[in-house]
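Colleague: Each chain, letter by letter, is given below.
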Amino acid sequence: MRRVVVTGLGVVSPLGCGVETNWRRLAAGEHGFRRIDMFEVNDLACQIAAVVPRGDGANGTFNPDDWFDPKEQRKVDDFIIYGVCAATQALKDANWTADTPEKQETTGVLIGSGIGGLGGIYETSVTLLEKGPRRVSPFFVSGRIINLVAGYVSILHGLKGPNHAVVTACATGTHAIGDAARIIAMGDADVMVAGGAESPVNRIGVAGFAACRALTTGFNDRPEAASRPYDRNRDGFVLGEGAGCVVLEDYEHARARGAKIYAELIGYGMSGDAYHITAPTPDGDGAYRCMKMALKRSNTSVSDIDYVNAHGTSTPLGDEIELRAVERLLGNAGANLSMSSTKSAIGHLLGAAGAVEAVYTILAMTHGVAPPTRNLDNPSVETAIDLVPHHARTREINLALSNSFGFGGTNASLLFRKPS
Amino acid sequence: MSDVAERVKKIVIEHLGVEPEKVVTNANFIDDLGADSLDTVELVMAFEEEFGVEIPDDAAEKIATFGDAVDFLVKAQAA
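Protein chains in written order, with the working numbering: chain A, 1 to 420; chain B, 1 to 79.
A couple of the hints might just be wrong.
[Said to hold, decoys possible] List of simulated lysine to aspartate or glutamate pairs, DMTMM-like, C-alpha gap at most 25 Å: (1) B:K22 - A:E72; (2) B:K62 - B:E14; (3) A:K160 - B:D36; (4) A:K71 - B:E14; (5) B:K10 - A:D69.
No lab work stands behind these hints: they were computed from the structure.
Excised from the complex, chain A in its bound form:
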């Protein structure tokens, strides 16, 4: 199997648009939470979200016109625009243009989403009910379905290799990167743009996640304090939106063209809980086996792991179960580990979460800084693991794991190594 490296990064998140803005704000302990003012929330249990800051594109704001033809924007839900934005950034960062037929055919796209165009499905349902089928847009389907992120990216950048999409709830972004790496490892593509995109911050999205008791409800007047992984007072996650993408590349291919190599993806683990539709197994066995599998072919030891970017959504149940699974995996080596949840800064981006967090994990290695777990005032359990409360920690990070766990009991982990 061929070695796979990361040569490009792209992100648009509640912290802003672009890798530099995201990292600067993340490392500084800033956040992207606010009260929802885009739609009626008075009757919703959760009234806050993490929202992409829009603007003219300056100072790290997101201007959709910079990334997506303005006249095309109304045909698609935001997750597609976010995905195209992150993918375009990543390709540019990798300095990779598919400008020959051969490059086109060996460059693929694998970008997923947890839900896809939820907002547009809701709005079109209302149109159908109120005005009838003749008013349903011819772009209703193409602007809502999940694989159209990969579709648009391929069309805009002329990428004719494997074109695929993953749907595994909150593990989507992680699975997408792992699966894309396999496609390169097997020799079916030399370059893959991989990641996840999501735009769930709408009335039906908040209502749905609130109904299954996943969202925070006790911090509507303090949005900045609502996402508090591992903290005693956490009471659910905060919905977020955005997209993350990486350019993955065959190691020899990257080396031959002198590409900047951020990291090598040396492990990919997957598992199923076979337990419950939304709750993780109480003993964290699914998470444990997933991380274990990520180490399987990596020729590394668990004690070499320096940093874990946790799934850590800030739900009462999930955070501790993941923490116990990591403790079980590392044993005494946990004392040397830093593990943080960047969801404390950007909320839960569902299908985009794993991809954005993979970008953050790689940046943590590049900069030698573990980003903080915001709002961790009083950990709900004791642990020898450094949960990086409040402030970023400067430390060597050569081996890092990024975890994602999704509804349905689907788990995925990526193991990255810093290039020597």
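Chain B: place on chain A using the hints.
Modeller: For chain B alone, coordinates are given in the frame of chain A:
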């Protein structure tokens, strides 16, 4: 330009993102204004919505240019 033509022109500019001066009588939606077949379906829906008329599929197929659209809608309004 008639009131109908002005309203049709506004819809065409909005939906296809074209310069106003390109929207002339014989401008073909697909060949001259960059629409694809789905864009034309949506344009016809927008005309129906704006003018409160129903444009059957066989009539919609004959609306290829800005002038075709204006002619059809002027007649439909008179009917």
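Colleague: Which of the stated hints cannot be reconciled with the structure, identified by number in ascending sequence?
Modeller: none
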